[in-house]
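Protein sequence lines, in the order shown, are assigned to chains A and E. Throughout, the working numbering is defined as the position within the first sequence, counted from one, plus 56. Throughout, the working numbering is defined as the position within the second sequence, counted from one, plus 56.
Treat the hints with caution; some may be incorrect.
[Said to hold, decoys possible] Simulated coverage check for chain E against chain A, where a stretch passes if three residues somewhere in it have a Cβ under 8 Å from a Cβ of chain A: (1) 199-205; (2) 224-235; (3) 307-320.
[Said to hold, decoys possible] Here are a few chain A residues that sit away from chain E, every Cβ distance over 10 Å (derived from the structure): (4) Pro74; (5) Asp142; (6) Asp168; (7) Ala169; (8) Val301; (9) Pro302; (10) His304.
Everything labelled a hint here was simulated from the structure, so no lab data went into it. Glycine residues also receive a C-beta, built at the ideal position from the N, C-alpha and C atoms.
One-letter residues, chain by chain:
There are 2 protein chains.
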Amino acid sequence: MTQHFQRPGDPLFTQRTPRVVAASKLHRRRDREKAGRFLAEGPQAVREALAAGAVRDIFVTEDGRRRHRDLLHGASSAHFSVVTDDAMAALADTVTPQGVIAVCDLRDVPLDAALASRPKLVAVAVEIRDPGNAGTILRTADAAGATAVVFAGDAVDPYNPKCVRASAGSLFHLDVVRAPDATAALAALRGAGLRTLATSGYGATDLDDLLDDGSLAQPTAWLFGSEAHGLPDELRDAADAAVRVPIHGRAESLNLAAAAAVCLYASARAQRSR
Amino acid sequence: MTQHFQRPGDPLFTQRTPRVVAASKLHRRRDREKAGRFLAEGPQAVREALAAGAVRDIFVTEDGRRRHRDLLHGASSAHFSVVTDDAMAALADTVTPQGVIAVCDLRDVPLDAALASRPKLVAVAVEIRDPGNAGTILRTADAAGATAVVFAGDAVDPYNPKCVRASAGSLFHLDVVRAPDATAALAALRGAGLRTLATSGYGATDLDDLLDDGSLAQPTAWLFGSEAHGLPDELRDAADAAVRVPIHGRAESLNLAAAAAVCLYASARAQRSR
């Protein structure tokens, strides 16, 4: 059971209470790095954060305390504090907060640690900048059974509130890796026995051919580039194959989230086929 | 070749010029319905709109006129007018407009007309409200080779600027249908020989089973519900099957765009397999 941080009869925390002020700063990447903490907003994210043992503090409004009683009751390790609606508005990234938000420890692991468990399916997002896309890739990779997502190169911060929200809890399910040197990451992935497949609209290999020849059953790391620029040429060339998702109609391409879903689920199916 | 609407030496159109004022109103759904027109912004959308013969007017900035010379040169049926940067800011939905925007005729067709060509693959978006999701479904459906997208029930306006942008031109490639009565649309789809498959996280049928038994090769209409509420129960029950995309990890579900990509590409592959 969670412990109430305030004493009975204490006033609600306001947006000027030092603990709230400190937590509100976690909207900024620099402050997240400095504190080693980030914010997870809403009951779903807080539930997954609690299950992952990542929570340091929980803030709830009086209304949120009533609405999310089970959530607060089910957790054993975290304190919670009741805050004013104004304080919640300062803490929250959404326009209509759901009354509960948690301060969590950053949880990325080194690439070596993620590879030590010999993953069979890994998603690598290279230089992607849009937090919504980053969160969607976490969610889709989790659903497809991938066990690690690598944010490589100069990428969006996976602890950006919009990424946390778009991941719908999956940020707490997977090994999250930040690898500023994408080329070194590619070598490490290959060294761990993963076949590296670079997605590209102009890739020489059609995804359907990989499904036909059965080779997607191998342990695989899928590399996805940014929506605006795709993968850097040198990474695409360094990968084991450059793969295109077939375009059957007249669309120029798929968007990043759709391409990632098609590729990761192609691997998921191939790895589970008899 | 496009014709310049202003005469040589005429001043640039400003945000107070009646033609610009009238076009700016097309940001509002009500005004789009009244005028029967909508806005397509940026060179990619304008190019596809011109190719589809949908363009009535083009507005360009002086800079846009230089940058998009080929685009303006290649079109035969549309007038263009040079506008001030302020006028472009009033016309554009984006913060950094790309200097060209077109007024287009609404282009949805009745469901009967879309079904007359006996489509093999149709996407049906039911009561979806997010314009970005709507545009992504258009783009993904186009890429997967679907030839029609039906917006059923109380759905977002496909001519919303954010939807037009997210569709990346695909709005101009497909038969777009608006069908306020979703139940009647389901009956019409089935009447046209399409197997109707309702996506649901709790569907009784696993997508992999449909891939295994080969039945996805049949002409298929995929029904997708809203991100927040899924498909209405009565529609899910009325469809030929309720299908779940398998979740291999710990994610609760896939988001709408990812689920649509996986399902539509599963059909695309099955319909093309030998």
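Now the hints, each set against the structure:
1. 199-205: holds (count 5)
2. 224-235: holds (count 5)
3. 307-320: holds (count 11)
4. Pro74: For Pro74(A), whose nearest Cβ neighbour in chain E is about 35 Å away, the distance exceeds 10 Å, so it holds.
5. Asp142: Per Cβ check, Asp142(A) is outside 10 Å of chain E; nearest 27 Å; holds.
6. Asp168: Consistent with the label, Asp168(A) stays out of reach of chain E, its closest Cβ about 22 Å off (over 10 Å).
7. Ala169: holds, 19 Å
8. Val301: violated, 8 Å
9. Pro302: violated, 8 Å
10. His304: Not fine: 3 Å to the nearest Cβ puts His304(A) too close to chain E.
The structure fails hints 8, 9, 10 (numbered hints given earlier, in ascending order).
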